[in-house]
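Visitor: Single-letter residue listing:
2 protein chains.
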Amino acid sequence: MSELIIWTYDWVPEGPRGFVRDLRLRWACEEADLDYEVRTIPFDGRETNHLERQPFGQVPFLNDGELEIFESGAGLLHLARKSDKLMPRDPVGEAETLQWTIAALNSMEMVTVPWWFLNICGDENNGLTGWMGQRLDHIEQILSEREWLAAERFTVADLLMADVLRVPKVRAFGDRPVTEAYVARATDRPSFKKAQAGQIALFEAADVKRTG
Amino acid sequence: MSELIIWTYDWVPEGPRGFVRDLRLRWACEEADLDYEVRTIPFDGRETNHLERQPFGQVPFLNDGELEIFESGAGLLHLARKSDKLMPRDPVGEAETLQWTIAALNSMEMVTVPWWFLNICGDENNGLTGWMGQRLDHIEQILSEREWLAAERFTVADLLMADVLRVPKVRAFGDRPVTEAYVARATDRPSFKKAQAGQIALFEAADVKRTG
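Just so you know, the sequences run in chain order A and B.
Per the numbering used here, residue 1 is the first one in the first sequence, and the count goes up by one each step.
Per the numbering used here, residue 1 is the first one in the second sequence, and the count goes up by one each step.
One chain only, chain A, in its complex shape (with noise of 0.2 Å):
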């Protein structure tokens, strides 16, 4: 038995497939080379089933032996401790990955998944569009002097952040070259793709036991 258990739903519909965010943990495990394995809840009624577990209803969550963990971000960063191919250890390489894992769940997915949602309800043109705008234009920006976010080579920073602006209406929004250069570079990766493959099987597996 892996120590480690990423918890996510046992099915959910064909548009989030690939998208689900137990993939941020999958794909950091693959980075590490950490043994794990995937373990589901019920998609139906999800909203109230494992709130004892993640308290807004929602996954993944993260097992590492006695301990419990919600939200993709703290679990990344626990993950992070446990392999310098995801988090450097020099004090700096440390920071700068620290900082920009932040980023990306604060200053980036802050706008972009308001945005996003605002969108999918119909209103397209919202009141986040130009704060979206602004933050796309400031990452393209800063994406045009490196090749990754933090110490110079590819972290978890750079998991989560890709993760962020690879969202198909995300990639849509204006023309930003550069930044679509780092999300090819970035799920490029064959881990992201393994830890993409593994997502889909398993909600592509459940439709048969749905449907049978």
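Source of the hints: derived by calculation from the structure; they are not laboratory data.
Cβ atoms here follow ideal geometry from the backbone N, Cα and C, with glycine treated the same way.
Dumping the calculated BS3-like pairs for lysine-lysine here, alpha-carbon to alpha-carbon at most 27 Å:
1. B:Lys85 x A:Lys82
2. A:Lys85 x A:Lys194
3. B:Lys82 x B:Lys194
4. B:Lys82 x A:Lys82
If you want the ones that stay clear, here's a sample from chain B, every Cβ over 10 Å from chain A, calculated:
5. Arg17
6. Arg89
7. Ala206
Given the coordinates of chain A, assemble chain B onto it according to the supplied hints.
Guide: Relative to chain A, chain B alone:
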């Protein structure tokens, strides 16, 4: 000279005084009895005058010897390593504190800040209102079962969550007495009051220079 230097603007208008995010780092230093000083960059021209230090043109950022760290959440997690007053040292307490710190940044603030932004732009009944209510209801439920979020004591996760929840428009969104009592409990701490008074005093002193 202190090793820890917190950078903020040299002045802000009256509205945001007491809420600029350098307060989070001041508060953490006060809680942990860490020696720090505050330095400033010009408010005028802030969009572009410090992009090499904070790539989104925001404050705060933190110096710690050779390190420079932006993102208030990253600064808090960095400071939390310096004192167990901010984060317990046992693995379970540490994991709980980490997950709730990230929850404040990526599950609460990802909704409250864009909602607040749309609200002050005049869109009071905006498309994030339902989501906002759900998240605040979840927090109300969680806080009805515990005094502090993690490890059964005040941690950096409470410092951050209380700072997210104390924003006047967020406090006024519905009637949530448990959350209100939590915010009062956190902001009644002498460390918060000292940090807030320090920020307000800096900006008030700058008024004199600006008009003198």
